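Trainee: Given next are the chains, with one letter for each unit.
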Amino acid sequence: MDFPTFLAQCLNAVQYGLLLFLVASGLTLIFGIMGVINLAHGSFYMIGAYLAWALSTLFGGHFLLQLLAGMALAALLGFVLEWVFFSYLYQRDHLQQVLMTYALILVAEEVRSIVAGNEVHGVQVPGWLSGSIELGLMSYPVYNLFACAACLLVALGLYLVVNRTRLGMMIRAGASNRDMVRSLGVNVTMLYRIVFAAGVALAALAGMIAAPMSSVYPGMGGGILIICFVVVVIGGIGSISGALLASLLVGLVDTFGKVFFSQLSGLSVYLLMALILVWRPQGLVSKGY
Amino acid sequence: MKTTLTSGALGAMLFASTCAFAQNTPVKVGLMLPATGTFANLGSMIENGFKLYVAEQGGKLAGREIVYAKVDDESDPSKAVDNVNKLIKRDQVDVLVGTVHSGVALTMAKVAKESGTLLIVPNAGANAITGPMCAKNIFRSSFSSWQSGYAMGKVAAERGHKNIVTITWNYAFGNESVQAFKEGFEKGGGKVADSLTLPFPNVEFQALLTQIAAKKPDAVYAFFAGGGAVKFVKDYAAAGLNKSMPLYGPGFLTDGTLDAQGASAQGMLTTLHYADKLDTARDNSFRQAFRKAYNGAADVYAVQGYDAAQMLDAGLKAAAGDIKNKNKVIAGMEAAVIDSPRGKFSMSKAHNPVQDLYLREVKGSDNIFKAVAIKGLSDPAKGCRM
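So the sequences go chain by chain: R and Z. The working numbering puts the first residue of the first sequence at 398, with every later residue one more than the last. The working numbering puts the first residue of the second sequence at 1143, with every later residue one more than the last.
Be careful, since some hints might not be right.
Quick list of the computed label-pair ranges, beta carbon to beta carbon [as the list claims (entries may be wrong)]:
1) ARG1527/Z - PHE657/R: 35 to 45 Å
2) SER1257/Z - LEU668/R: 20 to 30 Å
3) GLN1408/Z - LEU542/R: 46 to 56 Å
4) LEU465/R - SER1427/Z: 28 to 38 Å
5) LEU664/R - SER1257/Z: 48 to 58 Å
Listed next, the in silico DMTMM-like pairs over lysine to aspartate or glutamate satisfying Cα-Cα at most 25 Å (straight line) [claimed, not checked]:
6) LYS1304/Z - ASP399/R
7) LYS1470/Z - ASP1441/Z
8) LYS1491/Z - ASP1508/Z
9) LYS1221/Z - GLU506/R
A partial selection of chain Z residues facing chain R, derived with a Cβ cut-off under 8 Å [as the list claims (entries may be wrong)]:
10) ASN1183
11) PRO1341
12) GLN1348
13) LEU1351
14) THR1352
15) GLY1382
16) ASN1384
17) MET1387
18) PRO1388
19) ASP1401
20) ALA1478
Hints listed in this document are in silico derivations from the structure and should not be mistaken for laboratory results. None of these values were measured; they are calculated from a predicted model. We put the CB at the ideal spot given by N, CA and C, even for glycine.
Please build the complete structure, drawing on both the sequences and the hints.
Mentor: Right, dumping it as structure tokens:
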């Protein structure tokens, strides 16, 4: 492999990793802070992608506005779901959480089939992002670079909210000792509801950003869910910075695995997970967010 | 004396009534197609096509009324044995029709081979169904994956390409398609420089696209389907690769996906046993009838369902409507020349259509007929002993 190819592959790896981070960050938030194994997270990603498809006709060229509207809708959905279903799960064991969130996957797939049908849909890249940049070897779509930037922005925003704000402080406190925080007068129920809504909104945002690149199709949430669990486990459950590190690592291993070990590339990421679990069972970043 | 007479008359009446019974009992067709999941649309197209032909014959084939038993196979190979047994044992169907997913169809073929139930496969292209798995009671109204891949290989060689990279998911159907392409292409003097694969159903193509860009082949042959096909074609165009090296594939790369692929698929060439704007009287009248009956456009899957019914009709006619007379039904189907909307086809020895493969070009949201890539192409049916 010559140097330009190597650089292009690194860019591919970073781009894939950042998008993974966007989905995984919501998962790790919900998993780490609320202790809920949310298998339905991939469905929220799918819902986001379908929202992008449905809203694109409504909003026309106003892409950023469309992203905001989609996130608001997804947050609302998350808020209601937490209220109606998830709030009953915190004290239950993980098996029941898995069962219920699996049921949510089935419901989401069926609703998707009834409302949007089973066809594959394409989502247009917004006009102002539709060009591409020549990188010598091949051209690189501007939209993909935009997606990278958006993911980095979200990572920074999350870091600041969790580490530098009062809300973030309450979230961290609530994660480490729920009862103590409640006795200090914080409305933990509402706090959890907000965190869950934020997690769903992040997954949906990832789906909306990915939609023009990947198109929109049935079952798209399943594949991303598994790889996101890998990211969360490698990064350390509940850790945002760990998720960022892990998703970049997974991006690199997946990309170069495909290049060098084409036949075994399905294995590479899981091998990485196994190795890291042997070395550090608690994940790369075990303390802090 | 009186008693004998009555019993004789009774006997005659009984005889007459069993005869009438045999003539009037409906033929039970077991449709095992996907009604849910990714392939649900394909399943309903096949079913509509089948029923359209039966309706055109007045609801009867060779004088026998057709009734249906249906099972949703969910395109799930792990449920295939249960599902096919529901039709054979519980519903006691005379004929099995199914399905889309090759893995499920292979199981159906296995069960049909053991039970001897007549099976018509209206889509699944796995070579094995009319290869090592072939049997005298198993027919296919669609294609083998070898056919479309081989035809594209021949076309690519004729277009002067020497050096091609292939890419597909690492699973049976993708590998079969690539193998067949390689066979056709290398026979025409070309060389497949590299065969890239990624695990099914992974859609992160960027790393392999970069590899392709670095290798700089004359052209690329790809096999993907559904969401993967859409994303691959879009990513390929977004990387600007389509400017310097054309992307070829079997028809599945651009069939039913063109609206989603949009501008990125324009001008692409693919091969399949059906095309838009064939503009034959047969195809036009079929499309018109389909539109009238179901208020939607027909596609290749509808054609395959329609032809499955035509094949059954030919078999029933040869046996004068007696579905239980399996040998005659099978002989009738083997000898039939099916007047399909795709063009006339006959059955190969292994019961796969011997058919024309078309070269099609993407224009707008249609795969327009461009030329006949290979006339009367017969699957080699490797491994079939019958």
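Trainee: What are the numbers of the hints that this structure violates, sorted from low to high?
Mentor: 2, 3, 4, 5, 7, 8, 16, 17, 18, 20
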